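Participant: Model the full structure from these sequences, guided by the hints.
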Amino acid sequence: MAISRSSMIARLHKTLKKKFTPYTPNTRLSVLEQLIFACCLEDAQENDAQRAFNAIEEQFFDWNEVRVSSVKELSEVTQMLPFPRQAALRVKKTLQSVFEANYSFDLEKLKKENLGVAIKKLYKYDGVTPFAVAFVTQTALGGHAIPVSRGSLEALYILGIINEKEKKNYNVPGMERAISKSKGIEFGSLLNQLGCQLRRSPYGTTTRKILLDIAPDAKDRLPKRVDKKALARQEAEAKKEAARKQAEAQKAKAAAEKKAKAAAEKKAKAAAAKKAAETAAAARRKKAKPTKRTVTTKKKKALPPQKKTTKKKTARPTGKKAKTTPPAKKKKTVKKHTASKRVARRKPR
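First residue of the sequence shown? That's 1019 in our numbering, and the numbers climb one at a time after it.
Be aware that one or more of the hints could be misleading.
Stated by the list, open to error - Pair by pair, the computed Cβ-Cβ distance ranges are:
| no. | residue 1 | residue 2 | range |
| --- | --- | --- | --- |
| 1 | Ser1200 | Gln1077 | 49 to 57 Å |
| 2 | Asn1181 | Lys1247 | 26 to 34 Å |
| 3 | Leu1107 | Lys1284 | 41 to 49 Å |
| 4 | Ala1274 | Tyr1121 | 50 to 58 Å |
| 5 | Gly1160 | Gln1114 | 47 to 55 Å |
| 6 | Ile1021 | Ser1219 | 48 to 56 Å |
| 7 | Arg1243 | Gln1114 | 33 to 41 Å |
| 8 | Gln1114 | Ala1256 | 44 to 52 Å |
| 9 | Ala1289 | Lys1183 | 20 to 28 Å |
| 10 | Ile1021 | Glu1118 | 21 to 29 Å |
What the hints assert, rightly or not - Straight-line Cα separation of at most 30 Å, DSBU-like style, residue types lysine-lysine; simulated pairs:
| no. | residue 1 | residue 2 |
| --- | --- | --- |
| 11 | Lys1293 | Lys1269 |
| 12 | Lys1199 | Lys1037 |
| 13 | Lys1242 | Lys1183 |
| 14 | Lys1263 | Lys1185 |
| 15 | Lys1129 | Lys1199 |
| 16 | Lys1285 | Lys1271 |
| 17 | Lys1036 | Lys1237 |
Note that these hints are calculated values from the structure, not bench results. Remember, predicted model here, so these are calculated numbers, not experimental data. Cβ atoms here follow ideal geometry from the backbone N, Cα and C, with glycine treated the same way.
Facilitator: As structure tokens, then:
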């Protein structure tokens, strides 16, 4: 009969309590401090993560100075961690992303928001891993989540708790249901220590014993040593594959540049043809307009002087027929007869 996933997780918890000592995280830290501490804690022992976190706080003036520091400088400060460069890169990316989003390093407002909304915002920050989100949810936001590092994920796959697809998608379904909220911090710390042990010594006897005690059928899934010749072949194949991909990328880039150049030339030709058509149309319109004819008259030879003849001025003929007005009638002049003349003309009686 197949064992259920919940039973396997419960067995894992019981065995890990015998192999490792759980630690209790400092819940008095701010949200940002918990986030930075999670960047140091992933796949590392708690005491090493605490030393790295304290070193960052002591050797830098503030979080902005940490943000502008190089990964090399940060990895030198966190050299007590098993993977200092990876932790330094997570710290730098996280601080840079938080600052670009908020123009500050204050994330306390996430405590006042809905848990689902706060978790989505945390996932949007560059450099923040699923382990860090779950750790902050557990220690700062009051939610129930189990932090799973890359080493822990690999251990869960070897134990048969998750399959290959779930491992690829970084998904452990049923974890929060199998482990209660009151046991979440304890189980998360034990699981992280198992992941740290696996990543630090994947072929060690202690690691193999712990895994086989939990799942005796995990022998076929345990990490296997690769001999030097096989490793050299793998590296050669990887280099060959990388060279092939690079050649394909260069070929694709050249094709894209050629296509862009052809498109630019086509566009330039179309623009030139359009301009030529506009010029020709303007020339045709100009040619179609009527032009005034200029009549050139030949100069006549000078004639001998003649007597001036006065000619009556005649009105210029116009296009319309001029109206002929009848000659004005002469007014009859009535002679006024004075009284003396009337008397003189009278006949004698």
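Participant: Now tell me if each hint is right for this structure.
Facilitator: Evaluated hints:
1. Ser1200 <-> Gln1077: 49 to 57 Å: violated, 37 Å
2. Asn1181 <-> Lys1247: 26 to 34 Å: holds, 31 Å
3. Leu1107 <-> Lys1284: 41 to 49 Å: holds, 45 Å
4. Ala1274 <-> Tyr1121: 50 to 58 Å: violated, 37 Å
5. Gly1160 <-> Gln1114: 47 to 55 Å: Between Gly1160 and Gln1114, where Cβ atoms are some 27 Å apart, the hint is violated.
6. Ile1021 <-> Ser1219: 48 to 56 Å: violated, 27 Å
7. Arg1243 <-> Gln1114: 33 to 41 Å: Taking Cβ atoms as reference, Arg1243 and Gln1114 lie about 39 Å apart, which means the hint holds.
8. Gln1114 <-> Ala1256: 44 to 52 Å: violated, 30 Å
9. Ala1289 <-> Lys1183: 20 to 28 Å: For Lys1183 against Ala1289, whose Cβ atoms are near 54 Å apart, the range 20 to 28 Å is violated.
10. Ile1021 <-> Glu1118: 21 to 29 Å: violated, 47 Å
11. Lys1293 <-> Lys1269: Violated: Lys1293 and Lys1269 sit about 36 Å apart, past 30 Å.
12. Lys1199 <-> Lys1037: Distance of about 22 Å is within 30 Å: holds.
13. Lys1242 <-> Lys1183: holds, 21 Å
14. Lys1263 <-> Lys1185: holds, 26 Å
15. Lys1129 <-> Lys1199: At roughly 18 Å apart (the allowed maximum being 30 Å), Lys1199 and Lys1129 satisfy the hint.
16. Lys1285 <-> Lys1271: holds, 21 Å
17. Lys1036 <-> Lys1237: holds, 21 Å
The structure fails to meet hints 1, 4, 5, 6, 8, 9, 10 and 11 from the earlier list, while all remaining hints are met.
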